[in-house]
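Just so you know, we're using my numbering here: the first sequence kicks off at 1 and counts up by one.
A portion of the hints provided could be inaccurate.
No more than 30 angstroms apart at the CA atoms, straight line, and that leaves these computed lysine-lysine pairs for BS3-like [claimed, not checked]:
1) K782 x K769
2) K735 x K788
3) K209 x K680
4) K621 x K581
5) K151 x K318
6) K619 x K112
7) K441 x K409
8) K186 x K112
9) K12 x K680
10) K697 x K840
11) K280 x K318
12) K234 x K174
What follows is a list of derived Cβ distance ranges for each label pair [claimed, not checked]:
13) H790 x K819: 16 to 24 angstroms
14) P449 x N167: 53 to 61 angstroms
15) N736 x K819: 56 to 64 angstroms
16) D652 x N306: 53 to 61 angstroms
17) N274 x D652: 27 to 35 angstroms
18) D652 x N675: 20 to 28 angstroms
19) N841 x N375: 53 to 61 angstroms
Simulated from the structure, these hints should not be mistaken for laboratory data. Glycine included, C-beta positions come from ideal geometry on N, C-alpha and C.
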Amino acid sequence: MERYNFKQIEKKWQSFWEKNKSFKSHIDTTKPKFYCLEMFPYPSGKIHMGHVRNYTIGDVLSRYKSMRGFNVMHPMGWDSFGMPAENAARENNLHPKEWTEKNVSVMKNQLKKLGLSIDWDREISTCSEDYYKHQQLFFIELYKKGLVYRKENYVNWDPIDETVLANEQVIDGKGWRSGAVVQRKKLNQWFFNISKFSDELLNGLDKLKTWPNKVKTMQKNWIGKSFGCEINFKIKGDLPIDKIKCFTTRPDTLFGFSFLAVSVDHPLSEFFSNDLAFKKFKDECSKTGTTEESIALGQKIGFKTNLEAFNPLNEKQKVPVYFANFVLMDYGFGAVFGCPAHDQRDLDFAIKYKIPFKTVVKPVDADKNFTVKENAYTGPGEIFNSEFLNGFKVPNESIIKTIEILEKKKLGLQKINFRLKDWGISRQRYWGCPIPIAYDKDGNVIIVPEKDLPIKLPQKINLNEKGNPLDKNIEWKKTTINGKECLRETDTLDTFVDSSWYFLRFCSPNNKEYGFNNEEINYWMPVDQYIGGVEHAILHLLYSRFFMHALSFKNENFKILEPFESLFTQGMVCHETFSDKNKKWFSPDEVETKDGKNFYLKEDPEIKIFVGPSESMSKSKRNTIDPERMIENYGADAVRFFILSDSPPEKDVQWSEQGMIASYRFIQKFWQLHNKIQKKIGIASEGSVEADTELKKYTNQLINKLNSHLSKFNYNVIIANMHETYSFLSKIIEKNISRKELLENYKKILTVLSPVIPHIISECLESLKTNVFQNWPKIDQKMLEVEKIHFVIQINGKKKGTLEVLKDIEEKTLMEMIKKNVKIYKNLNNKKIKKIFFIKNRLINILLND
RNA sequence: GCCCUCGUGGUGAAAUUGGUAGACACAAAGGACUUAAAAUCCUUGCCAUUUAUGGAGUGCCAGUUCGAGUCUGGCCGAGGGCACCA
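Work out the full structure, taking the sequences as your base and the hints as a guide.
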């Protein structure tokens, strides 16, 4: 029999779709719109299995929605600025732009081979001037709205390469390339005022009903809202300061106050800049601060000053003031009041420095001698040992009432604090969007006028020099703005800025004047379904949400506050790892086995290979499978089929060559079956009512099941349904089936299988002389009804058998049947029936007396 | 340390939302077809003497219920996020 030539047929349909612009999208107000978006890829060279999974999930949904009558937009683009381009440029002596463009063309070609229903006319690339000029305009817009500012901030500085390092480039406190010990250095940098919208971003999460709770919780924790109050502590000492402000969530424990600690970066530290002992202490802090180990161990160190702080509620009580490594300058006011009895961290510190403390909260049922020793008590209870606070219920009443008292006495103010920090957007790199700012001779900030945009990156660049390449490029740096000589800002924007609005650009990819066109975004936005990896749960998704708030701020015409209506986070693609005894990694291609247990190296069978656990595919562990090779070997339909088959999309999936081959065989088998059915359609004429009804029922039930699975992303179950359908069809055509029903129902079945395996289905439909773009078939509700059901018979709660009975059977009739059924009836043992639970169309449970 | 998610055969997993546990697939074993192999098809979750029959069974222990993979409480284990956030 004829083999299914996937290479030829997949190519045929891919060019058909391309020629006919089958997936081109326009505004059409007569139809409901559906904007389906998967996170766009970074053009790193080739697509990987994670992309295959991500884009297949989105493609199945897009094709489905489109057949259901939605006006679908399904675009694709490239997140094409970023560090790897610079690294590659150094290694291969290739300009970042060329490297990126080469990768884009390779990957675009690969994506096309997957048969994705993408509207390529909307393709965008964030490194193109067409894209980033609008981003520069947005930057200026936000600047004018007061949402962008400049301040000094610490960076990781590599003294050998003279460059700023991203956190992930710092390994064990050393620069990844030079190996130099990384220093903290203060630089002037640009910030987006994301914390201005802390409350909005937090509250907005409640409206996102179809986001995974996990993601919402992560964002909630990241924003970190806490309720408390700020308190001014009077200070006594030989320095010209008289108070230090602290933020606390537990003002109710103020009578347990036993020390005051401030960050080493606190303004107070300036008075100690000539103190050698303090300098040494500060160095110690920066060292322990960088290694993760020390944070995990929670080693607390302090530097005692000669200052004393007064308890605002009890002027007689004075406590020491310390600098401490565990106090962060960028949270609250960089100072904390220490209450060791009710905060473990404070307790560790107090024990280490032998600071006396008092217990002021006791569990409700504890007596007055309750004393904290080694474990801080942070639970509920009531206040004691605290004069006029005594008896307040902890936590709610005590905190609220204490704040009231503090406010009345003008000692403190209620305050809400957020963990969320402003977004530092400056990067000292070449391959990013230039910041449209310049500085005059006096260092004043000058906004680049719109007519001078875009500020293009210089083509000529030396990436092998030390330092920031743009900063070294004097020719580019020097400019004149409105006749004045200026120096350009040489930082570029964090690439997260690029991806914070790309979904808007897809709506109007060719709009010249502005990043988007209002009419178009009002039609398409928000994204109806966003699909991507959970690794972007916080930053990318939060930044995108912020960007919408920033655009709508002081703007009547922009009302989209939440860009992504629904979010789906897919799991990763995993594979076993292979290594030799020296922990050298090998790719699956280099390894062989005969028994499935013992593995050895293909090149040298003497070398034994150890199989490690299945882990997310990564280049470093060499456990990747090349999608293009899989498509070459098995075809796109088979790859799509497999990547959805084994696990629910939100969970990790294991790549298995066996599974891949099985999917390939399914496609081949399906083609053989199609040929049989086609022949049968040619021959059959009249059929039996019985067989025809069976087919109609199966078809309608299948559609019904798929509707539900598709809407819930149960794509692995859909694959199971497809297997079942194959086996059903191969049986039904052996029966006496009519030509008319076979043709009609088979077409429906083909149509509903098409989102997963579009190439072969298109070919099948065409061979039946049918339009390849079918509407999603409607369900005939009558055909969903069943006449006969398997009724479960339980005795004393245990299943004793099933009876095939007519639907809606009455209890009486069923009991008569049970009495006639010897196998089941013998279980009754002539015992008295105590009670009967009869659940219609489900089961009957007969309880017997003992 | 805090927060979240998840524990079902040898493996990946289904389960109409409290009502037949293990659909569908992978692997392994056995069988059929074949001169043989490949391909294809069939059978097999576990224990007890069999394709008939009985029993146990969804991490562990309790509870609610006629009935629990599903609900409640406690414990154990795995994965993920944040990490001195005052």
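query: Are the Cα positions of K151 and K318 separated by 30 angstroms at most?
result: 36 angstroms, violated
- prompt: Is the gap between the beta carbons of N736 and K819 within 56 to 64 angstroms?
  reply: Check failed, 37 angstroms falls outside 56 to 64 angstroms.
query: That 16 to 24 angstroms hint for H790 and K819 (C-beta), does it hold up?
result: 19 angstroms, holds
message: For K697 and K840, compute the direct alpha-carbon distance and say whether it is at most 30 angstroms.
response: Holds, at about 22 angstroms.
- prompt: Quick one, are K735 and K788 close enough, alpha carbons at most 30 angstroms?
  reply: Cα-Cα ~21 angstroms, so holds.
query: Taking the CB of P449 and the CB of N167, does the distance hold inside 53 to 61 angstroms?
result: 35 angstroms, violated
task: Evaluate the given range 53 to 61 angstroms for the C-beta pair formed by N841 and N375.
output: 58 angstroms, holds
task: Verify the proposed pairing of K441 with K409, using a straight-line Cα cut of 30 angstroms.
output: Measuring from Cα to Cα gives roughly 51 angstroms; hence the hint is violated.
- request: Verify the proposed pairing of K621 with K581, using a straight-line Cα cut of 30 angstroms.
  value: 14 angstroms, holds
task: Verify the proposed pairing of K619 with K112, using a straight-line Cα cut of 30 angstroms.
output: 23 angstroms, holds
message: Check whether the Cα positions of K209 and K680 lie no farther apart than 30 angstroms.
response: 49 angstroms, violated
message: Given the hint of 20 to 28 angstroms, is the C-beta distance from D652 to N675 inside that range or not?
response: Hint violated: Cβ distance 38 angstroms, outside 20 to 28 angstroms.
Comparing the model with each numbered hint stated earlier shows that hints 3, 5, 7, 8, 12, 14, 15, 17, 18 do not hold.
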